[in-house]
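Q: One letter stands for each residue in the lines below.
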Amino acid sequence: MDSTWVFIGVFFALAPLLAAAPIVIGHYLGPSKPNPIKNDVYECGLKTVGDAWVRFKVQYYLFALVFLIFDVELVFLYPWAVAYDMLPTFAVLEGLLFIVMLLAALVYAWKREALDWYD
Amino acid sequence: MAFLQDPTLIVEWLRQLLLGWGLSPALTSLALYVLGALALATGPLLWVIFLIWFERKAVARIQDRLGPNRVGKYGLLQPFADVLKLLTKEDIIPAKADKFLYWMAPILSLAGVLLLWPAVPLGKGIGGNVNVAVLYLVAVGTLSTFAILVAGWSANNKYALLGAFRTVAQMISYEVPIVLALLVPVLLARSMNLQAIVAAQDVWFVVAAPLPALIFFVASIAEVGRTPFDLLEAESEIIAGFHIEYSGMKFAMFFAGEFLHAFTVGVLGAVLFFGGWRGPGAEAYPILGLFYLWLKAFLLYFVIVWVRGTFPRVRIDHLLDFTWKFLTPLALVVLMATAVLDKALVRAGAWPRALGLLVVNAVIWLLAQRWLRKVEKRLEPPMVAQPGQYPVARYTPPEPQAAEGD
Amino acid sequence: MVTTFVFLLTAVVMLVAALIAVLKDNLVHAAMGLVVTLFGTAVLFVLMEAYFLAVAQVVIYVGAIAILIVFSIMLTRRVGAAWGAQTNPTWPFALLVAGLLTVLVTRMVRAWAPDQVLPAAAAVPADITARLGAALVDPNGYVVPFEVASVLLLAALIGAVYVAWGGRKAEKETHK
Amino acid sequence: MIPLSWYLVVAALLFGIGVYGVLARKNAVAILIGLELMFNAVLVNVLAFWRYLQPGETAGLVFAVVIFAVAAAEVAVGLALFIAVYRKFGSSDVDDINLLKW
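Residue numbers (the numbering used here), protein chains in the order written: chain L, 1 to 119; chain X, 1001 to 1406; chain D, 2001 to 2176; chain R, 3001 to 3102.
Simulated from the structure, these hints should not be mistaken for laboratory data.
Misleading hints may appear alongside valid ones.
Stated by the list, open to error - Heads up, simulated DSBU-like pairs for lysine-lysine below, C-alpha to C-alpha not over 35 angstroms straight-line:
hint, chain 1, residue 1, chain 2, residue 2
1, L, K38, X, K1085
2, R, K3026, D, K2024
3, R, K3088, R, K3026
4, X, K1325, R, K3088
5, L, K57, R, K3088
6, X, K1377, L, K111
So that you can see chain L by itself, here it is in the shape it has in the complex (with noise of 0.2 angstroms):
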């Protein structure tokens, strides 16, 4: 085990205690006075209308659609330019080839209207 790696992990114990102590610091010193109303939904003083839902885009489904595609892609280059220096010229190509095929498909969702945001 690298010695870092342990380091990192300590840091993810405490972090999010590190975190959480002035939360739960300030949650025993404030005031505690809960009402109905105070404890009810916030939207801008109006009563919540009808049963409080909308029904969301599709849209916001499709971003993540082609970011999913795009992270796992781009993921795969990092070992690619890692091990550049070991690369031939054939090898170079075929990275180049790997992004070509990523701005094909940004090229598709981008004609196919996906990546645009309307009302």
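With chain L held as given, fit chains X, D and R onto it using these hints.
A: Only chains X, D and R this time, still in chain L's reference frame:
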């Protein structure tokens, strides 16, 4: 004063001290790790308090105001007063909230930013030395995204959820150019280790890769959610975004996380593109390297504050178009050009290679500008400034329609 | 010692989280259980010194796949509405199949006893990530899976966008 | 060092839990969650074998990377189908999607 040349002596001294107290070696190591982690985490957390004062003051001056000037000299004690006030505020938990997730979100939000720090090299031989550091930064960044999604969901408020959706859509969209831009320094240094990336910068990478540096910087501002990309706090549109139901210290944690994240972006930009801790004398005296890193990071952070004080907020469709239809293709093209040229110039020295890449970057930038001009002509007339006329000359109110649903 | 402790802790946490992921009626909680399990897997990868895959696991699974899943759950849900039962009435059958499978595999592992049969593992080379990168584009290595993966992802993107979204015009028509 | 069989047992348990999720859940996304658990179990297995049998080779890592790609493609298309079905039927229970039943 030998520790000025070799700060690991401090660690050795501490180790001997603890061993002298009769602790077992394993326990001593653990105690040192915990101490190191505590120091590395509390440092930024305390620094945030100063950042908040600095940012308020700087933005105020940009906007011709005075800023905080009542508590202490130059209002320096203002953030402490704010912390005291926030600590004694009532902690309101909405009755219908998903309690556990509601508590987790602000903690995750701040912890996600703190966790970026162990990967950062602070000087020669001190600070992070993670072998996959660049991807580690991306991985930890996902925690903040999750925190926002959880915050929006757990409050059980449709505006909060809407704000969270918008913010997350924005964050993941801007993550693509960031990951692409990060690939370029990795390619130039042949390593994902930030320490190795700093070591490879005999010529700062901003010379060889000015466009990736710019893309990284702009996209990071958007990722953090600062003006001009602060749709998550669009008070006029979705009241306050995902943290509408948060108050007191929990709300403050989101804010502290945002400020610290902005500064961390400065640190990462300095490490990746501006030579990190490198500077005259930093090899011999690592403490000096820490100072250089801090100086570079602070300058970059100042630019972020400057941008915040200057630019108006962009519209959400422009925001998403900007990343998907401009930054991402640009980053892809730059990456391809860098890859090809780097292989072609592999025998050249550091400076010729960097200058060659600089020329290529400039050419790509000019082409992108021309392309932008072409696109600009096709935009709706009110959006383009005509000579002798303000850009908002003809405003026609949109037809009334439902806000979000389809 | 330390690694054993970390391993056991991670294993317990991730298995409990996995149980939450398949048992909770509240699907958002189930998704959070999934996220914790994915994180636990990344920790196991770190223990196995597959550092690149550990961070890739977090970037891809937690950062992209889990977000997509959470988005889908939230998109198709009324805010604050009750979840209702999420389990089929035939769940005992599912339990039987899953239980049998687990017992079978566990017994197989025990019968094989790899810890006694196999020699001690060698060390992982320090430049394993670079080697992986070189192997991925090596014509005598794994260039075919590499390029096929890119085609697969492109196809997945095209298919998914096509299925979920008819384009602006078609959308407007279906909602009139 | 942790014995190989521990990893294999954890992976087996994870796989079993995933199988239960896939078989017992009603909601399509919940089924996908179960599938992801199974994928993860496979990943743990593959990497454990890589670590203990041939840590100097890259075959195991490439295998894992390809699993990432396949899992991502599967989730993308699966959820796209789910969203399309939801928009058509207004339901996310797989039992309600029964047009082909008769």
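Q: For which of the previously enumerated hints does the structure constitute a violation, in increasing order of number?
A: The structure breaks none of the hints.
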